[in-house]
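2 protein chains.
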Amino acid sequence: MKQVIAARTDIGMGQGKLAAQVAHASLKAYEYADEDVKRRWKAEGQQKVVVKASGERELYAIAEEAKQRGLPSAVIEDAGRTQLEPGTPTAVAVGPAPDADVDQVTGDLSLF
Amino acid sequence: MKQVIAARTDIGMGQGKLAAQVAHASLKAYEYADEDVKRRWKAEGQQKVVVKASGERELYAIAEEAKQRGLPSAVIEDAGRTQLEPGTPTAVAVGPAPDADVDQVTGDLSLF
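Chains F and R, in that order, are what the protein sequence lines are. Using my numbering, you'd call the opening residue of the first sequence number 393 and step up by one each time. Using my numbering, you'd call the opening residue of the second sequence number 393 and step up by one each time.
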C-alpha cells in the first residue's frame, strides 16, 4: 500500500509551501480511503512518495484517472494567503491504495 | 486552529523527502486530536505551517513541550529506505490546536 502525491513544479513553491501543500493533499485523500485500507497502510509504515507534476493540466488528469479507477484522491487548491493566487491547484494525492493501482496512475512521474 | 510542523534543517533532506516527512508528522499528530478539534480545524481550512528545527535536540524539545501542554504531537523517525539512516528523527507536528496554544510551543521558530 502506498500514497503518491504529485506537486506542481511550474509555480515556484518554496520548500515549506510545497511541504504544506503535500501534507494537505495527503490528509484529504487519506480521509476518502476505506477504514481497512487506512489501517493496512499505517501498519505498513504509511508510505508516501512525492513526485513532480508539470502543471495544472497534468494535476487534473491524475485526479481524473484516479477517480475513474476508484482510488482515493484529492486535489488541493491554495487558499492564497501566501505566495500564490487564491484557488491555484498545487498538488494531488492518490491513495492509500495497493502499489500496483497507484502506479497505474502515477507510475510515469519523476520523484520530487 | 492550526498545526505547525517543524522539520530539521541539518540533515540535508531533499524537497520531496522533506514534504513526505512533514506529511507523515501532520497525519500522525492529527490522529491524536479530539474529533471536535479535527472537525473545527478542517472547517477552517486545516492550516498547516512548516517551520525550521535546528536539529534532533530541538525536535524532541518541541515534542516534550507539546506533550506537557496536552497538545497532539508526533515525532517522525525515518524508515531509512532512502537518504537517511534508519531511525533518524526528521520532523515533529504540533496540533491541530488553538493558535495560541501551538504558538507557545513553536512561536519562535522561522518559516521553512
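Honestly, the hints are just simulated from the structure, not real lab data. As the structure is a computational prediction, the values presented were derived from the model and not from experiment. Some clues are possibly wrong.
To be verified - Only pairs whose alpha carbons sit at most 25 Å apart, straight line, appear in this in silico DSS-like list of lysine-lysine: (1) R:LYS420 with F:LYS430; (2) R:LYS444 with R:LYS434; (3) F:LYS420 with F:LYS444; (4) F:LYS444 with R:LYS459; (5) R:LYS434 with F:LYS434; (6) R:LYS430 with F:LYS444; (7) R:LYS444 with F:LYS430; (8) F:LYS444 with R:LYS444; (9) R:LYS459 with F:LYS459; (10) F:LYS420 with R:LYS430; (11) F:LYS459 with R:LYS434; (12) F:LYS459 with R:LYS444; (13) F:LYS420 with R:LYS434; (14) F:LYS420 with F:LYS434; (15) R:LYS430 with F:LYS434.
Open item on the list: Between the alpha carbons of LYS430 of chain R and LYS444 of chain F, is the straight-line distance 25 Å or under?
Closed with: Violated, at roughly 29 Å.
Open item on the list: Need the status of pair LYS444 of chain R, LYS430 of chain F: alpha-carbon distance at most 25 Å?
Closed with: Cα-Cα ~29 Å, so violated.
Open item on the list: Checking one constraint from the list: CA of LYS420 of chain F to CA of LYS434 of chain R, max 25 Å. Satisfied?
Closed with: holds, 10 Å
Open item on the list: Between the alpha carbons of LYS459 of chain F and LYS444 of chain R, is the straight-line distance 25 Å or under?
Closed with: violated, 36 Å
TODO: Given the hint that LYS459 of chain R pairs with LYS459 of chain F, test it: the Cα-Cα distance must not exceed 25 Å.
DONE: Violated. LYS459 of chain R to LYS459 of chain F sits at ~39 Å, over the 25 Å cutoff.
Open item on the list: Between the alpha carbons of LYS444 of chain F and LYS459 of chain R, is the straight-line distance 25 Å or under?
Closed with: Not OK: LYS444 of chain F and LYS459 of chain R at ~36 Å, beyond 25 Å, violated.
- [ ] Assess, step by step, whether the Cα of LYS444 of chain R is no farther than 25 Å from the Cα of LYS434 of chain R, and give holds or violated.
- [x] holds, 24 Å
- [ ] For the pair supplied as a hint, LYS420 of chain F and LYS434 of chain F, confirm whether the alpha-carbon distance does not exceed 25 Å.
- [x] Holds. LYS420 of chain F to LYS434 of chain F sits at ~15 Å (cutoff 25 Å).
Open item on the list: Can you confirm whether the C-alpha distance between LYS459 of chain F and LYS434 of chain R stays at or below 25 Å?
Closed with: holds, 22 Å
- [ ] Sort out whether LYS434 of chain F lies within 25 Å of LYS434 of chain R, counting only the CA atoms.
- [x] holds, 21 Å
TODO: Verify the proposed pairing of LYS444 of chain F with LYS444 of chain R, using a straight-line Cα cut of 25 Å.
DONE: holds, 23 Å
Open item on the list: Holds or violated: LYS430 of chain R and LYS434 of chain F, Cα atoms, limit 25 Å.
Closed with: Judged against 25 Å, a Cα distance of about 19 Å means the pair holds.
The structure fails to meet hints 4, 6, 7, 9, 12 from the earlier list, while all remaining hints are met.
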